[in-house]
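Kindly generate the complete structure, drawing on both the sequences and the hints.
Chains as they are written, first to last, in the numbering used here: chain A, 1 to 358; chain B, 359 to 649.
Everything labelled a hint here was simulated from the structure, so no lab data went into it.
Bear in mind the structure is a predicted one, so any value in this text is a computation, not a measurement.
Treat the hints loosely; a few may be bogus.
Distance ranges between label pairs, derived from CB positions [to be verified]:
id, chain 1, residue 1, chain 2, residue 2, range
1, B, Phe489, A, Leu290, 46 to 52 Å
2, B, Ala428, A, Gly216, 52 to 58 Å
3, A, Arg21, B, Ser618, 41 to 47 Å
4, B, Ser519, A, Ser192, 53 to 59 Å
5, A, Asp251, B, Ala615, 26 to 32 Å
6, A, Arg21, B, Val635, 53 to 59 Å
7, A, Asp251, B, Gly541, 43 to 49 Å
Glycine included, every Cβ here is placed at the ideal spot set by N, Cα and C.
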Amino acid sequence: MISVEPHRALRRVLLRSTMFRWIPALLVGAGIFSFAFSQPANSYWAYIVCLAGVYLLVVLGFNVLYGMSGQISLGQAGFFGLSAYGYAVLTTAYSWYPWLAVIASVAATTTIAFLIGLVAVRLVHHLLAFLTIGFAETVRILMLNGGPVTGGFTGIGAIPPLTIGSWVFDTYVKLLLLTWFTVGIVALLVRSLRESPWGRSFVAVRDNETAAQAFGVSIRKVRARAFTLSALFAAVGGILFLQLLAYISPDSITVGLSTQFLIMLLIGGVATGWGPLVGTGLIVGLTQLLQPFGAYQGLVLGIVLVATVMLFSNGIVGSLLALWLRIRGGSEERSGRGATLVKSSTVGNSKEGDDNAQ
Amino acid sequence: MIDLLRLVIAGVMIGSIYSLIGLGFSLTYSGTGLINWAQGELYMIGAFLAWTLLSLFGLPFIIALPVALAILFALGAGTYLGPVRFVTNRGGRFVEILLLTIGLSFLLRNGAEVIWGSTILTVPNIIPGMFTFGSAAFPRLYVVVLGVAVIAVISLFLFLSRTGFGTAMRASADNPYAAVIVGVPVRKVNAVSWGIAAAVAGLAGFLISPLFGALSIMGLFAGLKGFVAAVVGGFGNPRGALLGGLLLGVTETLVTAYVSSQLKDVVAMILLIIFLVLRPQGLLKSTAVAA
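Laid out in structure tokens, this is it:
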């Protein structure tokens, strides 16, 4: 490879430089920031962008669970709802100090997730999907029937807002900044997790359990860690969701919400860095567009999910990356980054033997 | 005592509905190793077909039932031959099919709302009258539904274990490649098992529609509970689905009556969690056990 064309060499340098990799993230950050300051304090669009950030937190966590460690969950709404309800109950019925309530409810949620992760090691992955559904539905039904403490069908309103010093998070724009700041931190965490021993052991278990075990990876630990992390992010999302709506009811944490998180991740691209952002943005936008059409909204979501599974199971980002790798072709394709991306598209196929196991 | 008897009978009736839906889950699972998440929605479609054929078109029951079952069978088999095979041919496995059928359940549920509206539709009672047992009286429909569930389970069991087709079905589930080599038409066999599963779930909806009516969201909980029935009984085992469904129905009714009506829906979920954690293979031997 002596005769490398100049622009190719330049591009390679750019691609490899750390700075280049940060440009998209910085652009998104700057976009959100300038958007926040262009909006009146309680504008509808600030609300929508904030909501997208809240969902994105959950989807980022779900990507760790499903994308990295290969465990399916249909109960992310359960973690989300449990921590939101925890905060709501502790601050209203028991008048706890808000930040203390945040810590308590997030800690409780992650502990439960940790326990589910411990059980998960015994279950084939689809039974796991149903265990998580069962958990999420139990949370919802218990909240529905919690009497005066959880407010039953009507839920809990008048949630005290979070404060930092004299700064009260009481407008959509302030919450938007708080949410996307959290999103930034979580995205950084997830990114560094990917390159860390934990993240690598997640991927190892996802791709080949037996081989991972042979190398001394504890499957039990991996599953429990992945569940705990994903629930941690979902729990934080739940708290912010509650701040945004200042209200929570059993209707906000249905199986439909869990499914929506799943759709967001799938359409964006499982196990890709940018998939959660793209998927969440797309589905939140689509939901807004279809708001006036009632049942057609669910119809379109169904079509999107079916089409994604059938036609491009890598999701938008995954498909674009695959395309990009094909265009670039040549020796570059075998670079470490490319290899992980190609591999990641096979997530979920790794346990072939189990499906027909007798 | 009479109360208890009446409750148990009501529980058995509702339990047989769960059994039929759970039977569908077990059938596709034991036949193809896959799950059709839209099982609950097929139950809902069954109820709407009852309304359409009986109320709208005024067909007699004797004609309406086979027509509805044929439509449901076609829907189930079509799902397998169309999207499901498309995905499995591209290397999709269990999780992909689960996601696909979740999408299909969205389509069916919202499609039904578009077609039939979002209000509850009442279906004429095909088997009116009460049945008295001692001093307890309950609708005759209960007996019919239970009878149909038991007959369905027995005939499916015989079908799977005693007929050539059933053997072919188990063979293609056990090892599709070997089955193809010895001449089993695996694709056809799989399509039939998906078709029967859909018809069984739809049958439940059709039969129960005079009592519950037809509503586009009725499949959500029914599907989950049918699934719980299948897990509790032993996933992939038809007799297990019957047992699990009856157990769930009776427990649910008794809890509603003696503990709290608010806990009705949580019973299924708690049963599901207990079984998944402590006994994932279910009451009877499951064909698919934990890793």
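Hints and how they fare:
no., hint, verdict
1, B/Phe489 - A/Leu290: 46 to 52 Å, "holds (48 Å)"
2, B/Ala428 - A/Gly216: 52 to 58 Å, "holds (57 Å)"
3, A/Arg21 - B/Ser618: 41 to 47 Å, "violated (56 Å)"
4, B/Ser519 - A/Ser192: 53 to 59 Å, "holds (55 Å)"
5, A/Asp251 - B/Ala615: 26 to 32 Å, "holds (27 Å)"
6, A/Arg21 - B/Val635: 53 to 59 Å, "violated (43 Å)"
7, A/Asp251 - B/Gly541: 43 to 49 Å, "violated (53 Å)"
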